[in-house]
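Number of protein chains: 2
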Amino acid sequence: MTGQHDAPILAVDIGGTKILTALFSPEGKMLAKDVCPTLADEGVKPVIERLCSAIESMLDGNNLKASQIGGIGIACAGGIDSGRGVVVTPSPNMAGWVDIPLADIIRERFKIGTFVVNDASAAALGEHRFGAGRGVNNLVLFTLGTGIGGGIIANGELYLGAIGAAAEMGHMTIDDNGPQCGCGNTGCLEMLASGRAVERDAVKRISQGEKSSLTEMAGGKAESVTAEQVGTAAKNGDPLALDVLSRAAYYLGIGMVNVVNIFNPEMIVLGGGMAELGDLFIGPGRKMVAERAFPISSRIVRIVTAQLGNEAGVCGAAAFALDRSKRGTA
Amino acid sequence: MTGQHDAPILAVDIGGTKILTALFSPEGKMLAKDVCPTLADEGVKPVIERLCSAIESMLDGNNLKASQIGGIGIACAGGIDSGRGVVVTPSPNMAGWVDIPLADIIRERFKIGTFVVNDASAAALGEHRFGAGRGVNNLVLFTLGTGIGGGIIANGELYLGAIGAAAEMGHMTIDDNGPQCGCGNTGCLEMLASGRAVERDAVKRISQGEKSSLTEMAGGKAESVTAEQVGTAAKNGDPLALDVLSRAAYYLGIGMVNVVNIFNPEMIVLGGGMAELGDLFIGPGRKMVAERAFPISSRIVRIVTAQLGNEAGVCGAAAFALDRSKRGTA
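Protein chains in written order, with this note's numbering: chain A, 728 to 1057; chain B, 728 to 1057.
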């Protein structure tokens, strides 16, 4: 049931808003890709049906039968047990994904080896094999989006921990007096440096009477300000937006200092929408790493932005399936 | 220069107060051990001379020539570049150890492959091979002493990071408004949960007029209260000692929650003098992991105390030399 060797790999990245499907050569070159909406709020079953349809149409469109591919790799948000291929706990955007045996479902449907990995870990593997981290043995990736995820490459290999749930970088406490996080922990990095944190901070300050161009950008509805708008306003010199972003950047810096001291990595890779703000958001953290982390580690670490954009996850899922199908652990 | 294969290994653990030397079979069984004082304040050269004498007398005492051993493994406190075998930055107890090419010095003296590794990383490897972590693929060790160090086993291997400086668990910020640490960072775990933190907290509170049996235990000199005395007083029910210890235990809990979310380890191993206080110090953190960490990770992690005591470092140094000499990277 592990499919042909030296055969193409089919990979999927299931996100809160879209399902990205792609076909890869056995060498990891992307041959084709397609995208469809997740419509996660319709529930688990309809999403799995859309996933199966996406896989079928990718096969059909490339004149392939399932038996002609080497394996299926799936990157999925949430707490993943990679050994069993189960989505154990859902990400905030995918309610209902509790103990879903995703690998078994897809494997039984297509009779082909199927491998499931957390999406941020997949992104780290993608960047390691095909992107910013090629040739780097030890790197930590942060996905800086609405929330904050992470992925770890250790001694040249993807590090997943005991069952696949490692690298929750967004959920380390960096301020034990900080706000309560939805994850059950307190003062998590995600509560202080994510896109959602930036939005919450901006909305709160505007609602307390502070003036900002953001109010007009949000059409007068200050409560609907987005992190993207805060980024744009900051680039245009809006003092409140600059201040909100600089607070988040400070906390990101603390998170990176921790990672440098804990991992002594050659590289930190920053991906996700917030990373696209560039030096405005990343610069302060770079400086903090230089000032606060152990010099033996800070002087060698390179802090870079991701190269694969929203394809990192699907590329990593392909690499994960390639690796696992070679090991014969379907 | 890599010595004989299937030959005994000589291992040393250089600490702030003593040098522990031991001889190991090629299978990693300890055959003999000896100890001498470090007298670190005499400076680097005298310590290295004592180290060489300790190695010589271990060889002589076992009727061995240096050419008959398979390699020398050295565990050393401080920031270690394991690839080059250099002590880059000193631990607080070993002033002057800056850019000391320890592997080269010992290798030239004894004409035998020599390998240097940070002492807490060595302890993690020791516990993994011979102690609490046998058969465990992913574990994180905390050394809870005057300071707090760490070691990481990832995917069944010692994780050292880019050059050997990884696993500074004591120097992750867990309270960004916390006290300034000597390392240059702020609110480090070590400033809040180490033996030194416990002493500082007890001394401060007594000097502010709080009553405690510690004052009498310290012979009236409250400023000389030790962490050990705080532990004893707490066991005897002294309210101030209990409160001081419970604060430190709370911060240790935060550090462990972070490690569980970041590493999804099968096991956390707690070593060092503070770990010997047992549930009084470890219990609250165990509870916090259950309450605050991701359930997918918290429900599988075992939090245990180390088994090898002060021999963990020298055992790990032996394993490190065995591994490296097999790879032929002297």
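No lab work stands behind these hints: they were computed from the structure. Just so you know, not all the hints are guaranteed correct.
[Claimed, not checked] Where chain B lies over chain A, by a calculated footprint (3+ residues, C-beta under 8 Å):
hint	segment
1	733 to 745
2	903 to 913
3	1016 to 1027
Cβ atoms here follow ideal geometry from the backbone N, Cα and C, with glycine treated the same way.
Against the structure, the hints come out as follows:
1. 733 to 745: violated (count 0)
2. 903 to 913: With 6 residues closer than 8 Å to chain B, the segment 903 to 913 of chain A meets the three-residue bar; holds.
3. 1016 to 1027: Held - the segment 1016 to 1027 of chain A has 8 residues with a Cβ nearer than 8 Å to chain B, which meets the minimum of three.
Of the numbered hints listed earlier, the single one contradicted by the structure is hint 1.
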